[in-house]
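Residue numbers (the working numbering), protein chains in the order written: chain G, 362 to 475; chain D, -18 to 100.
Keep in mind the hints are simulated off the structure, nothing from the lab.
Calculated lysine-lysine pairs in the DSBU-like style (CA-CA distance at most 35 Å, straight line): (1) K364(G) to K(-8)(D); (2) K(-5)(D) to K402(G); (3) K429(G) to K38(D); (4) K402(G) to K38(D).
The structure presented is a predicted model; accordingly, all values stated were derived computationally and were not measured.
Listed below are the residues making up each chain.
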Amino acid sequence: ELKVEQNPLFLSMQEGKNYTIYCNYSTTSDRLYWYRQDPGKSLESLFVLLSNGAVKQEGRLMASLDTKARLSTLHITAAVHDLSATYFCAVVSPPAGNNRKLIWGLGTSLAVNP
Amino acid sequence: DTGVSQNPRHKITKRGQNVTFRCDPISEHNRLYWYRQTLGQGPEFLTYFQNEAQLEKSRLLSDRFSAERPKGSFSTLEIQRTEQGDSAMYLCASSSVWDRGFSSSYEQYFGPGTRLTVT
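The following block holds chain G by itself, in its conformation from the complex (with noise of 0.2 Å):
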């Protein structure tokens, strides 16, 4: 059964510094998707990862893929304030007929500090 971890679950930092998240899973998948949910708010999909040694970015965040590993970071460079949300990281399971679908980890949960 796939499991996706992702860690630190909770992360405080300030405002101009970087960081990674990281989510890893526990069995063989190619897609990797990354969302952030503001409170009270739905989730949001930032990047989508299709193979490996995939990396996308937007703004201040980068997301890469390493299929070997089963590895995805997400990293933030000189965060703001506006990033401050949770980041999830959801696999798409391995091949089982028609039933593949959306592992997701537990979140980490950013707060970005003036």
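Given the coordinates of chain G, work out where chain D should sit on it, guided by the hints.
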């Protein structure tokens, strides 16, 4: 607006009452998912449909929960005899799942959620 919509956005009910939520997915999407989320947790999978067929239901899901997607478009989630532990945000998501050889997409688009409070 062509995103996923959910109604109602908020529902307060007394324990023991039945509630029904509706989700309207993005129109061309063939898959529809229901999740439950409590404070500080990730989305907990409840069930999903491909077109009108319910393909999977979580083993954790009580038989008080039922979902339908009768015409492969909108879906309803009903909770019977609500309990205080049912208080949560109920999220609906849709996706256009296609799988052609090495190409596939499972990206899910979420609605705003229905926040249920059971008193």
